[in-house]
Amino acid sequence: MNNQITFTVNGLQHSLDPIPGETLSTLLRERLRLTGTKIGCEEAECGACTVLVDGQPMMSCVYPAERAHGKTIVTIEGLAQRVHEEMKLHPLQEAFVEHGAVQCGFCIPGQIMTAYALLKRNPNPTQEDIRFALKDTLCRCAGYPSIENAILAAAQALRTGEPVQKPTHIPDSIHEHKTVGHSHLRPEAVEKVTGEAIYTDDLKFDGMLYAKAKRAMIPHGFLTRLDISKARELPGVVAVLTADDVPAEKNHGLVIFDWPVMVGIGERVRYVGDALAIVAAETQDIAEQAIALIEAEFDLQPVITNPVQARQEGVPQIHAKGNLLKHIKVRKGDMDAGFAAADVILEHTFHTPTTDHAFMEPECSIGVPLPDGRMEIYVGSQIPSQDRTQVARVMGWPEERVRVVGQLMGGGFGGKEDVMGQIHVAMLANVTQRPVKLLFDRRESLLVHPKRHATQIRVKVGAKQDGRIIAMETELYGDTGAYASLGEKVMTRATTHSAGPYVVPNVKADCYAMYTNHPPSGAFRGFGVLQSAFAVESAMDMLAETLGMDRIELRRMNALHVGSVTNTGQVLRDSVGLTECIDKVEAEMLKLEPHPFAPRVDSANPNLVRAWGFASAYKNTGLGGGAPDISGADVELYADGSFQVRSSAAELGQGLVTVMRLTVAEEMAVAPEKVSVLVMDTDLTPNGGPTTASRQTYVTGNASRYAARTLRDQITATMAEKYDVRPEQIRYENGIVHVNGHSMSYAEIYKEMTALGQQPKVRYEYEAPKTMPLGEGGDMHFAFSFGVQAAEVEVNKLTGEVRVLKVISANDVGMAVNPLGLQGQVEGGVMMGLGNCLTEEFIVENGQVVTDHLARYRVPGIMLTPEITSIIVEHPTAEGPYGAKGVGEISSIPTTPAITNAIYNAVGVRIYKTPVDQEMIARELWEREGK
Amino acid sequence: MNLWQEYKRPVSVTEAVQALASAPGPALPIAGGTDLMLDLRQGNHPPIHTLIDLTFVPEMSALELRGDELYVGAAVSVNRVALDPLAAAHAQALVEACNLIAGPQVRNTATLGGNVAHALPAADGTIALTALDAQAEVAGIAGTRCMPFTSLFLGPGKSAIDKTKEIIVGFYIPIAKTLKVSQTFRVSSCFKRIMRPQGVALPILNCAVWLEREGDLFKDIRIAIGPGGPTPFRATEAEAFLRGQSLSDETFARALDLLLEQAKFRTSARRASADYRRHIVGGLLKDVLDTAWSRAI
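If you read the protein sequences in the order shown, they are chains A and B. Under the numbering used here, the very last position in the first sequence is 931; numbers go up by exactly one each time. Under the numbering used here, the very last position in the second sequence is 297; numbers go up by exactly one each time.
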């Protein structure tokens with residue numbers, strides 16, 4: 001019955017000996033090195049591993065390799081054809097590129113293979129067919145509408161033989177420029193659709209070892225005994241390290257160094273994901289066996305399970321300084337006077353759960369020791385420069401001894417800012433002097449990395465009868481989990497934004513960011529504002545109802561505008577497009593439905609009721625709060641006349657590399673294809689700072705722009721001198737420099753400059769306008785983005801089920817640098833907001849994680865995708881590149897309250913807690929009707 | 001850690017059963033393996049030495065008419081059932097259930113045998129087969145036997161099949177009545193379910209109805225609800241009442257009352273409370289019944 005596995009892969013026949021326990025995905029990736037097939041979950045949930053087996057799409061991660069015997073397999077690498085040196089893309093691949101369906105790219109091989117199988121069977125699919133086929137192929141960047149459009153375009157091209165149609169529905173920026181403001185393709189899109197794109201786990205080094213960490217798996221206690229002897233003796237184990245082996249600093253952290261690299265004997269375990277020991281072995285399998293042989297005993301302590309409990313007296317203190325990470329305060333005006341003057345006062349409390357980024361690519365780090373004693377770390381990280389700092393601190397090395405070589409990232413969304421395996425692989429690689437890879441499986445990813453803060457938010461709002469808000473008091477509790485991560489920053493943003501994007505003369509906000517025995521909470525797209533927007537925007541609708549006022553009018557009346565003073569005392573000097581966002585969303589909604597907020601009963605099924613909901617939000621661009629916000633960029637002219645722009649800023653799928661490329665192309669007046677981009681390598685690129693707070697378009701965009709301008713000025717000066725003309729007479733146009741009748745290519749410019757001993761290369765360090773710490777007034781942030789969304793929902797009155805049918809999203813982004821990329825950010829933002837509202841809840845019970853795999857932690861798939869209409873509003877901010885500010889987060893923030901307000905409008909059930917519980921809706925309805 | 005040590009690809013039922021019996025360590029049959037692979041990987045299953053792949057056994061991958069019955073091999077992928085014209089003609093409820101199981105990639109691997117072998121009282125395929133009154137063929141070292149479908153289930157997750165010794169070979173779905181009916185008799189079935197978007201991919205409630213209609217009367221009817229008890233639930237009281245009745249608000253209300261009296265709805269953590277299930281079951285049943293009824297014209 002048993003023998004070799006003989007099968008065909010992409011037209012080539014293979015005969016391989018079976019390896020016990022091997023899945024098809026592992027065989028393809030490890031033995032055939034076809035790494036285009038990705039592994040996102042290893043539980044048949046995400047679809048990234050989809051390949052075709054005898055023409056049928058299958059999840060190769062749960063497909064025993066030995067079952068492939070006699071079968072014909074097609075992987076992503078089998079679609080494109082290499083014609084001479086050129087890759088001839090399959091129309092599906094081409095359409096995914098053209099339609100901006102490729103963002104982080106990690107899910108794309110699975111999307112394309114699933115779509116390929118669909119088109120083989122059904123050459124003319126409807127939108128419904130596509131959704132049915134892609135039901136379980138998850139995209140966390142969530143460009144589902146773009147994916148649908150790409151598949152439709154590819155199907156048409158395949159049927160007609162015509163070229164793939166480009167998208168036609170994405171308008172250019174209203175701000176006129178040559179290159180920026182028009183839609184452009186991502187520089188790395190083609191490699192992402194062919195499977196050639198390399199992510200960290202796709203790398204293999206000679207002699208590489210495989211690592212695994214022993215996790216505490218208890219939420220709170222003291223480590224009393226740790227026995228690694230059996231693990232050490234296991235053949236194939238090369239190193240087992242514990243806290244005793246940490247060379248220098250014992251803790252890591254982004255702001256506060258409170259997170260132990262490993263917990264030592266006698267030390268406190270603060271959450272289930274704490275590392276106790278790390279192993280490096282010849283194979284992944286041996287590393288896992290070794291981990292199972294490590295014995296640990298604990299003196300268990302009572303578990304702190306929520307931030308309110310954490311603040312009570314007499315409860316165990318998780319850190320030496322107590323359970324309070326930070327009490328954050330916002331004070332403006334006089335609360336007593338404000339509430340005394342109010343005609344109406346409302347007070348309500350809202351709850352939001354912990355949620356997870358669930359980026360498609362689990363964390364992976366590889367440490368590679370170099371002969372000269374340096375250490376390279378290959379990792380997909382949002383902050384390569386800080387990784388370097390943190391690794392060096394723990395190793396006791398100067399920073400220069402560490403090189404972080406950032407890799408393509410399969411999504412981050414804030415979840416790849418903290419150090420995960422970087423330090424562990426550095427330690428193991430240093431001890432073994434061999435390359436060491438540490439790949440998290442999905443479970444470890446879910447257990448260990450920081451999440452979105454669960455919150456309790458009380459909102460008390462006072463208003464005049466005419467609708468003017470005169471006082472807003474909020475009290476927030478944030479569950480920051482076991483370690484600080486960016487908890488203080490996140491909850492500060494939640495607090496300062498907790499009165500909404502409104503002019504409120506009297507504001508008092510108090511936030512308690514509390515340590516608990518839960519997985520840490522840190523950065524996650526929306527950065528605290530997502531939570532407070534749900535609370536305040538729900539309260540706004542309740543206020544409108546109490547006042548008998550139109551809810552849009554209430555928002556418009558109180559909206560921030562140029563000249564307004566924010567809660568923190570900042571005068572907004574420019575770029576406040578909130579009112580235009582409100583107006584445009586309202587107009588678009590009214591086009592579809594004249595009475596959007598009135599419930600409409602389905603004529604065929606009286607249980608189905610539809611209505612719209614509305615919400616506004618704002619979100620800072622940049623770090624703010626007094627933190628220096630700096631990014632560096634290099635721009636270099638090469639001998640062939642092309643340019644390179646470099647920064648250690650991170651590309652996690654959001655499209656920064658396109659922004660950098662377009663910026664330099666604009667300034668140098670060349671085609672974007674003439675500009676290559678290098679990011680995330682701490683040896684080769686200047687520090688771009690963290691990729692967080694929607695800051696990179698602004699800061700690294702500016703750094704790229706000014707670096708390019710400086711280079712252009714140098715060229716101008718050199719040419720002016722050489723040809724004795726005034727600088728104004730030198731013009732840059734279509735890749736040509738016109739100097740007083742001469743027309744020179746950049747290749748010629750390069751020759752001229754190098755002949756004069758000049759290096760055509762500029763480094764520019766851009767520092768954003770200074771900001772002030774909270775409590776000191778002045779500019780806490782240098783820019784804000786504004787967003788308004790309306791959502792149409794359908795609620796089933798019997799079952800409480802909620803479907804989101806349509807979302808209209810208007811975002812004031814200052815200026816749309818790349819409208820195609822922006823479209824993806826808006827679609828993805830809405831979908832992530834929808835998931836936050838309806839599907840996602842990271843459940844921890846008594847410190848133990850319940851949602852420890854993707855089957856339990858549901859991220860929205862294509863079936864839940866509403867019709868999304870994106871409206872771009874462009875109120876430029878003076879200092880931003882071409883007026884641009886951030887968009888990454890604002891696009892996600894108003895979705896939740898827009899949906900929950902719509903649910904209320906449809907059936908009269910107010911949602912105080914997310915995710916929306918359909919049983920709660922049904923129960924409230926049946927109790928109300930007394931049956 | 002290695003999920004298994006040895007992997008066998010038998011090509012007959014006899015070979016498969018023998019492989020199971022003769023394995024040097026703990027052995028299990030694997031059909032689609034979508035659940036088993038996860039259980040092994042997540043440590044929810046004791047370590048396995050030998051996996052016996054059933055998908056190379058032709059008998060278990062057959063889907064065909066056999067006399068008055070539709071035979072569906074236990075290793076037929078649910079997607080094949082979902083797309084099969086014979087199944088569409090004779091077992092709409094099963095087709096609808098199979099179409100709702102996971103996504104296409106999983107459906108291409110997952111099998112009805114696996115769906116049933118887990119003995120969950122609310123698996124979609126299980127509820128459809130319950131309403132369709134299927135028989136299961138089970139093979140052991142002593143030979144094969146046929147048993148009524150519902151007798152495979154002893155309790156939640158507890159199967160009458162000893163997976164280390166026996167194999168579900170396939171299912172027989174009776175269609176004789178469909179073929180022999182006169183013009184006025186019509187047979188149809190339907191499956192629907194209610195989900196929630198969070199958490200586990202198990203339905204809050206699902207329902208399959210098979211019925212034989214004679215003019216405006218129910219000649220015969222079978223109603224399956226999951227989870228309506230520890231094993232797949234048949235609303236036999238409601239069925240008995242409806243036989244010979246027409247479908248009206250009154251008869252439906254009485255049937256629902258009988259169903260609610262008979263069913264043992266329970267609260268499942270993070271999925272649904274018993275109250276909620278009781279509240280929504282009527283709407284679901286009505287929907288399924290109406291659809292099946294209108295199909296049977």
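These are calculated hints, taken from the structure and not from any lab test. Among these hints, one or two may not hold up.
Claimed, not checked - Below, simulated BS3-like cross-link-like pairs (lysine-lysine); rule was C-alpha separation at most 30 Å, straight line:
#, chain 1, residue 1, chain 2, residue 2
1, A, Lys120, A, Lys71
2, A, Lys806, A, Lys584
3, B, Lys163, A, Lys71
4, A, Lys178, A, Lys806
5, A, Lys178, A, Lys71
6, A, Lys806, B, Lys286
7, B, Lys165, A, Lys71
8, A, Lys464, A, Lys584
9, A, Lys326, A, Lys913
Claimed, not checked - Stretch-level coverage of chain B by chain A, calculated; a stretch enters the list once three of its residues show a Cβ under 8 Å from a Cβ in chain A:
#, region
10, 35 to 43
11, 50 to 64
No residue lacks a Cβ here, since even glycine has one placed at the ideal position from N, Cα and C.
Checked hints:
1. Between A/Lys120 and A/Lys71, the direct Cα distance comes to roughly 18 Å. Compliance with the 30 Å bound is thereby established for this hinted pair.
2. Between A/Lys806 and A/Lys584 the alpha-carbon distance is near 15 Å, which keeps this suggested pair within the 30 Å criterion.
3. Taking the CA atoms of B/Lys163 and A/Lys71, the gap is about 27 Å. The hint holds against a cut of 30 Å.
4. As the CA atoms of A/Lys178 and A/Lys806 are separated by approximately 34 Å, the hinted pair breaks the 30 Å bound.
5. Note on A/Lys178 and A/Lys71: the hinted pairing is violated, with a Cα-Cα distance of about 52 Å set against a maximum of 30 Å.
6. Only pairs whose Cα atoms come within 30 Å are accepted, and A/Lys806 paired with B/Lys286 is accepted, the gap being roughly 29 Å.
7. With a CA separation close to 29 Å, the supplied pair B/Lys165 and A/Lys71 stays within the 30 Å bound.
8. Proximity of A/Lys464 to A/Lys584 is assessed by CA-CA distance (about 26 Å); at most 30 Å being required, the pair is judged to hold.
9. Using a Cα cut-off of 30 Å, the hinted pair A/Lys326 and A/Lys913 holds, with the two alpha carbons roughly 24 Å apart.
10. Residues of the region 35 to 43 of chain B lying with their CB closer than 8 Å to a CB of chain A number 4, which satisfies the three-residue condition for coverage.
11. Figure legend: the region 50 to 64 of chain B, annotated as covered by chain A; annotation consistent (3 residues with Cβ-Cβ distances under 8 Å, at least 3 required).
Hint compliance for this structure: hints 4 and 5 are broken, all remaining hints hold.
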